[in-house]
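Letter by letter, the chains look like this.
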Amino acid sequence: MSIDSTLMVDLFLVTFACFGAGAAGALITARSPALTRLVANGCALVGAIAAGALAVAGLAGGNMTFNVPDLLPIGGAAFGVDRLSAFFVAVIALGAIPTALYAIGYTRQYAGKHSLAGMGFGFNIFVAAMMLVPLARNVLTFLALWELMSLASYFLVITEHEHEETLRAGWVYLVMTHAGFAALLIGFLLLARATDTMDFSGWNAAAANLDPTSRNLIFILLALGFGSKAGIIPLHVWLPRAHPAAPSHVSALMSGVMIKLGVYGLVRVAFDWLGTGPVWWGGTMLIVGAVSAVLGVLYALVEHDLKRLLAYHSVENIGIILLGLGAGMLFQAHGLEALAALALIAALYHTLNHAAFKSLLFMGAGAVVHATHTRNMEELGGLIKRMPQTAAFFLVGSVAIAALPPFNGFISEWLTFQSLLLSFQISAHTVNLIFALGVAALALTSGLAAACFVKAFGITFLALPRSEHAALAREVEWTMRAPMALLAFACLALGVAPSLILAPLEAAVFDLMGAHADMKFDWSMVVANDNFGWVAPLWIALGLAGFLMAIPLGLRLIGANKRRRYYETWGCGRALQTARFEYTATAFANPFKRVFALLYRPVKQLDIEFHPESRYFVRTIAYYNEGRLIFEDALYRPLLRMIEAVAHAARVLQSGNVHGYLVYILVALVALLVLAV
Amino acid sequence: MFGSPLLVGVIRKAKARLQGRRGARILQPYADIWKLLLKEAVVSENTSWIFRFTPYLLATTMLLSALIVPVLTTHAALGFMGNIIVLMYLFLLGVFFLALAGLDAGSAFGGMGSSREVALAALAEPTVLIAIFGIALRAGTTSLDGIITRFAAEPLLMLNAGHLLAFFAFFIVALAENGRLPVDNPATHLELTMIHEAMILEYSGRYLALVEWAAGMKLFLFLTLLANLFFPWGVALTNTPVALLGAFFALAVKLALFAAAIALVETSVAKLRLFRVPELLAGSFTVALLAVVTAFFIR
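In the order they appear, the protein sequences are chains A and B.
Numbered according to our numbering, the first sequence spans residues 1 to 677.
Numbered according to our numbering, the second sequence spans residues 1 to 299.
Among these hints, one or two may not hold up.
[Said to hold, decoys possible] Pulled from the structure, derived: some chain B residues nowhere near chain A, Cβ distances all over 10 Å:
(1) L27
(2) A31
(3) T73
(4) M112
(5) E125
(6) A136
(7) A153
(8) M158
(9) F168
(10) N178
(11) A209
(12) W233
(13) T238
(14) T240
(15) A250
(16) A260
[As the list claims (entries may be wrong)] Simulated pairs of lysine to any residue, SDA-like, Cα-Cα distance not exceeding 25 Å:
(17) B/K271 / A/N590
(18) A/K385 / A/A587
(19) A/K562 / B/F53
The set of hints was computed from the structure by calculation and includes no laboratory data.
Remember, it's a predicted structure, so these values are computed and weren't measured experimentally.
Ideal Cβ positions, reconstructed from N, Cα and C, are used throughout, including at glycine.
Bound-form chain B, shown alone (with noise of 0.2 Å):
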């Protein structure tokens, strides 16, 4: 819950490091947050509540999916309330109310932000789906701490091309769901090239602060359930204090290698139009369903 906006502080340095720049220190994206607390929220005076509801909503959906997601070990605390599909539909809440809230000022970019984000959202949803069908194939499951302690206790499951299909499409939309480069640039400052960042163009204050917190713990989440998922090495399956130790180191590793491998992608592929985003959406559907198809056929 707390570390999030580290990792996107890491990301940022990496990039700056990889550009060539020295970049601001990684603990930046926490000051930026406790700055927007602390300053006067100027709201539209054309919203309605929707607008000043969502951000607490978002923040809402981000701790209860949090809680839901192994993080360290299997036994996620709230892991009781759902599997996979749940954790994915509590993802869509938060964007279809943040969709609304762009829409909810009047201005023009935040519903172009809007119509693309949910555009880009609704075509990644298949995608999700399907990895999860490849993965739910080989674990036999659909919940998290199942499939993890699946892949834990029999490595060998892992050791198939439909698992690393199923990585990449996975991959490929955690980009395009947390509007990351190629699919959209979080560091932009041209209106018209935003999606995400346009969207959001009318918080201020404590209301951005949450939305920046939540956009970081929704990367964050995402980027576990791939460490987690994919490469389970590490997640403690007892509570004890040594195993939930070293299911900490092993999860920054993986977790510093994601950033690092984002960071590597932002800086050396440039933004892709956005009418050629879905046929990299296509693309990633097509590894994912190659993933199941593998599955069918090699088992």
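One chain only, chain A, in its complex shape (with noise of 0.2 Å):
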């Protein structure tokens, strides 16, 4: 199928036209906070709807290019659509449609509080800037791009900028992302150099010529640049800050789509850019995806933030799209093509299904937060009650991120595991054993999400409320509910008919690499590798209902009593239950603490105060139990304070004398003349 290239032209200006309305209608109407949300997050909606259609377009084969000459230095402004590209707008529109529609309803909070007009603003060039990212053409556009996105994305983080927690959250997600943006600048520039062109579509062939130091050099600072977009751990400490300091619409676009540009540039770097590299690329991204996969799951398992706790899932779903990513970089640079695009497919449908799963939940946990006014599970419970369709929604949410079917995560986790178990098709000891110990990370996290989850769920939304505003909690508005309905139904729709979007994406990997995937698959099968392993998600999940029709039928026929009798729970006898009997998100989460306490380092203290007259009776008992962030007191602490003494050091130079800095220009003149020639 041959599509017009006028047409996607048209597409890629209707969609900007509406951002650009968007931020334009904010800022004017700004009088009438009503219609701010209505126009600015209306417009968002139409733009990520032509964005999708684009996006439809460009996987289904059409081009585009699209240069605006003038508008930056060095080369223009260039945009173009590939697969790929088109892939990731697909990813973004995805996120982004349910959160403009969400954000109509949700931002009403703000209203009187914080200023709309920005927000509405700020809320159009984030998503327009996003979903620029993968279509430019040429470093200077990507960069100005790239900075755009987290700039807005910065001024939506501090939206509630009261809160001195919420500054800090995004001091240190600024800090983060222009050291990210400096290690991405530093790259590009040198690979520009090497190769000679600004252009993207030069590098390809001109990198497999690069000397293998500067090329490792080139890879290293990319991948920490892209990495720390990404949230890899140890890059992650902005992460489960800013998430959970942004509006809820924001959380739900910066954790479900924006960490996935960081994702994109991997790949561009890793299967495009830099073409195939040495061995050892591969096996350090795919360690770095285990330990950011396991290490991202376990932090969230102990966290009480229902936010934060998503927050530290994305880190860990980062992770699982790493270990596919890495295990197609391995299987690349062992020449076996068709296991690389399989592994390459199994990374970038779990980023379609990241950004579906997620966002549905950040806007549960929105609706939590809408409904309550707090993010602290200890204090939520019996929501489900109260809230009805959050909660089946949420459920949602939480099945299919737990990797069980038959939602998205599970198809896209299991053609993760086939691909790692492919590995033994490598004979090369060393690497048999890494991706070994990939198959356990897999392992390990998708059981301790499972855990993680019933703990989110669980305590949030069943048994009885524990604080008054829980009890209190009233259903949220439609707007909000709509858009959680469509990312539930996608996650479902994902998870039944996975040729639906592994055909596009085989086709988009197959433009990358040139080579087909060791898979087949039709409406309701897919095969890995010539029956290496196979599944059927439309028959599980048809299997799975047909049964749960027919079990209750099967019971009433064989005459089972069918009486149900309510009746307080039991509680080994005692006459009160209330909700202070039940397990704590703490409780359920000790064991892992336990087991765990070497990541975790626990620090415990437990404080008596007794009366006055006797020991025996006991006044107050405060009981903590805090972990520790080891990432910050072993890597960032030591790092700050090295910052710290170099600035120190460098205090002699600032005299305050203008002779001296009239001589410092002088001598950087002489030294930068030196140096060029």
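Two independent chains are provided; combine them into the complex using the hints.
Right, dumping it as structure tokens:
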């Protein structure tokens, strides 16, 4: 099927005209908050839908280029669409369409307290910049948009700037994102100098002739830059701070979508710009993925702030994506192109799936915050009765992220498992061992993720409310429920009909690598490597549904007793049953804390105040059980101290003497001239 | 599908005999389930639809799994639905909802049971997958019938230290996943030592019947997997009546041996403290990893 490129350009222009109108409209209507909400988010919604259409056309094989030569120096602003870019635009649209709709209702609570015009403006710019990043075709366009995306999201993160904590989160985010930006800038410029072009399209052919040292250096720099945006461990520190601090619809976009652009960059680096790399690139990627996945979910387990828990799960899921990506790089380095394509498809599929369920979960968490005004799980509970629909959608998201059938997370994790298990076709013992550990890490991660979402859903929505806020919660309005329903449906659709997305993905990966994936699929089956493993997701879903209906019928037929009586929960004969008897989130996570004490390094403190008359009467008991964050303690604190020491030393240079400064300028000028010659 | 309570009965009987008791007759579990089905269900007023939905879902996952596992022949009824990894995730789906149901009533015991159950399930997961990796390495496939066919055709593949190690690791995991000693005691009456039993404490009537049946079914399926994947002798490769009859007796003998082994283990070892269990699972993980490593080096 050929798609007219003028149609593509039209769609492209309509998309960004909508975002422009949204941004401008937000400022124009600033006096009327209700109108601002509608105009800004409505325009973003239409723009996101148009972008979705652009992505579908691009995945179907449509091409386009669009240049504005005078907008930027060195090459101008250059945009283009290929299948990989279109896929990532589709991922962003999948997150942006529901969040824009959700924002119409969700931002109501900010009216009068914060500038809705600022939020609407920032939101439109943020979404537009994200969509343009994968379409950028040269260095300056890419970097300018990358920075625009980071800045827009920074301002959205600090929306609730009256809280000290929010500002600090924003600060950490700003520093980390610019450290990453610096790495990207150096990497890009080195690569551009070595290949003599700022144009992305020329890099693949030229990169093969680079000398290994500079190629490795460029790889490390770009991987660090993109990795910090993706939130890989140990560059993840901004993520659990910034995502909870932002308004929930922005958290949904940042966690579900923005970090995926880090993945986009990594895919480009590993499979396009730098060509096939040495074995250690893929090995490192796989190990980093395994570490991120396991540590991400372990940190999520002991977290009781609902949104921060979800943020840590983003670290975990990026880890799972990197497992697939690293596996793909290793296969490619060993010349197994078909398996590399399979692993890359698994990684990209998980990217899309994570966008669907993580946006859904953040919106669910946002609805909970909206209704109860707290993110602390220890104050929640029983919400399934007060907010039944939100609860159902959150449950779908939980089952999907726990990678359980019949939802989408299961299919992509299954594909990742298949590609990891197929690694026995490589005959190199060290690589085999790395793969085996990857299998173990993925298995542990999926088990722990299931555990974590039993906690997240169970403590938040089930049993009795643990505070008055939770007891008085009310279901949220339809503009917030409809987008959750949409994404819940997407989670199911992507889970039961994977061929919908596997077909375009396979084409995109073929374009990128020139090899067909080692798999077969049709509407009902996915088969990896000629009967190595298969799954029939649609039939599993139908089987589950069928038996679910058949079993109650069967029980009735054989004459089972169908009466049911409601009575209080058994409490060892105690008369009173209150929410204080319930298991808490802390207690739920305790087995994990004990087992993985090495990681959490818990600090325990028990303060008991006794009655002055007798030690047998206790007045108050306070129990602290805090975990410490080893990466902050072991990596970032020393780094910060070092930077501070260097800054102190550099103070000597600041004499305050104008003549002195003139000398510095002269010296710098001469040094530059000498270097340039 | 109907054999699983019998297996539970056999294990209980063998255990009783080993402990010098006479024990209930081996058909007792059937009577228990029937009695529960006829009783009225009492449901905590704190619960939601999750609590009432879970037993049906649990039974559903077990039925579906039973049709995917090759029990007598390599051609399982719904074998086209997925490979061994799909099977493991179906089990995990059941655990997930059962743990949610444990939290639903708002009792401390249910929460405790859920928390421990999911912790153990999560820690067992790597062993399961690495053991599967070990098998897949030798058989060259992760499909259940493919593994059995391959091992039945080339028994020499099984003459390997790795095969035995993988079997051993899988056996320990089967004990842990099914709440048997030394991880959990299915016969305990003290809430604080319970794991699985604490989680399902609030169930009664037909719900409890379904949960109990599903638990027996899970044990049956795990042991069948152990029997057929690691010792595929007797599994019918064709659907002729003679082959099926032979397969039936072969499976009965293998399961009886496993039941005896479990009874022996449960009689001879004490329950581990909860926080020692991860050490056991880490041990079984190491064994499974060794199985994979040997497969790489001896090939």
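Verification of the hints:
The Cβ of B/L27 sits about 17 Å from the closest Cβ of chain A, beyond the 10 Å cut-off, so the non-interface label holds. With a least beta-carbon separation of about 15 Å from chain A, B/A31 lies farther than 10 Å from that chain, consistent with its non-interface assignment. Every CB of chain A is more than 10 Å from the CB of B/T73 (nearest about 18 Å), matching its label as outside the interface. Not every Cβ of chain A is farther than 10 Å from the Cβ of B/M112; the closest lies at roughly 6 Å, contradicting the non-interface assignment.
Against chain A, the non-interface label of B/E125 is violated: not every CB pair exceeds 10 Å, the least being about 3 Å. Not every C-beta of chain A lies more than 10 Å from that of B/A136, the closest at about 5 Å, which undercuts listing it as non-interface. Under the 10 Å C-beta cut-off, the non-interface status given to B/A153 relative to chain A holds; the minimum distance is some 15 Å. Every CB of chain A lies more than 10 Å from the CB of B/M158, the least distance being 17 Å, so the non-interface label holds.
Taking the minimum C-beta to C-beta distance to chain A, about 17 Å, the non-interface status of B/F168 holds against the 10 Å cut. Interface exclusion of B/N178 from chain A stands, the closest Cβ pair being 16 Å apart, more than 10 Å. A beta-carbon of chain A comes within 10 Å of the beta-carbon of B/A209; the shortest separation is about 8 Å. No beta-carbon of chain A is positioned within 10 Å of the beta-carbon of B/W233; the least distance is around 23 Å.
Residue placement check: B/T238 keeps its beta carbon more than 10 Å from all beta carbons of chain A (closest about 19 Å). Distance check for B/T240 against chain A: the nearest CB is about 24 Å away, which clears 10 Å, and the non-interface claim stands. Non-interface call for B/A250 relative to chain A: holds, since the shortest CB-CB distance, roughly 25 Å, exceeds 10 Å. Every CB of chain A lies more than 10 Å from the CB of B/A260, the least distance being 30 Å, so the non-interface label holds.
Between B/K271 and A/N590 the alpha-carbon distance is near 20 Å, which keeps this suggested pair within the 25 Å criterion. In summary, the hint linking A/K385 to A/A587 is supported, as the alpha carbons are separated by about 23 Å, within the 25 Å threshold. Distance check on the hinted pair: A/K562 and B/F53 sit about 14 Å apart at the alpha-carbon level, within 25 Å; holds.
Hints 4, 5, 6, 11, counting from the list given before, are not met by this structure.
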